[in-house]
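**Q** For the sequence shown, my numbering gives the first residue as 135, with consecutive numbering after it.
These aren't lab readings, by the way, just hints derived from the structure by calculation. Idealized CB from N, CA, C, for every residue including glycine. Please note that a few of the clues may not be correct.
[As the list claims (entries may be wrong)] Simulated crosslink set (DSSO-like; lysine-lysine; CA at most 27 angstroms straight-line):
id	residue 1	residue 2
1	LYS358	LYS228
2	LYS274	LYS358
3	LYS259	LYS296
4	LYS274	LYS228
[To be verified] Derived Cβ-Cβ restraints for the label pairs, each shown as a range:
id	residue 1	residue 2	range
5	GLY389	GLU200	34 to 44 angstroms
6	GLY292	LEU318	14 to 24 angstroms
7	SER314	SER422	26 to 36 angstroms
8	LEU195	ASP322	50 to 60 angstroms
9	HIS312	GLU397	36 to 46 angstroms
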Amino acid sequence: MKNSTKSFSCTKNSGSSRSSSRSVGEDKVEAKRSKRSNCDLGRMAQSAGASVSGAASNSDLVSLFECPVCFDHVLPPIQQCQSGHLVCASCRPKLSCCPTCRGPLGNIRNLAMERVAMTVMFPCKYASMGCESTLSHTDKVEHEDSCDFRPYVCPCPGAVCKWGGPLENVMAHLMSAHKSITTLQGEDIVFLATDINLPGAVDWVMMQSCFGHHFMLILEKQEKYEGHPQFFAVVQIIGSRKQAENFAYRLELNGMRRRLTYEATPRSIHEGVSTAIHNSDCLVFDPSIAQLFSDNGNLGINVTISTVTNL
């Protein structure tokens, strides 16, 4: 029994060895064939992938830059959380943690994604409204600022009117919904604000038309600081920031051998006047100054619009 067992064991091992010996050479040949085949398939797949997905590769890359909060695109400089998630620069200051993983945002630059962004053509954020432009990340913001498809809100001060629409429809809206606003023609007019001694917050609005554009003149009386009412006068163009850069305005108060002058670039109605008032980026004067230039509670402001080439 013992010899039989040993004999059986030897016979099994011997058979296994012979079988292995016979297949080693074959396995090496087969491995080489397989390796060459896999390389060929890899090159074929790479070539096929490039030809099949070439047209869609840009859109695939664009999707990697989608902000999880506002769904706009994350543009350089790009920062990530510790797990690598991205969020756009506009949303980041409003967040206390990563919107994807709830981890800390940190200040980690994602240089790899910034390099990828250099090669991507991004769609305009107003593509859903009809804009078909695709732009590099360096041109995207400037284009969107003056895009013909961007929506504008009603430029009248206050939050009563909720109208919104394309820039080309703003004037039509003002003429139909705000008929009380007077429009004067010419580059040099007088904006007359009546009853400036009225208590509380008051707005005076007038339109000025010249150089083929419309400008809204706004005088607001409000308490920026409690107990201290002030007047804020500003001019905004019914147009984009880029259009505003072509003009300058001058506001002037005259009376009793006194003159108060303020000059600046008109603000776009896209920006509105609230930011200008908050930053005092406009003509600012208190009621005592207003009294020096007013006549029976009526204040006249000379408004001059000029093109930058005339400065």
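**Q** Which hint numbers does the structure go against, in order from smallest to largest?
**A** Numbers 2, 5, 9 - these are the hints that the structure violates, sorted from lowest upward.
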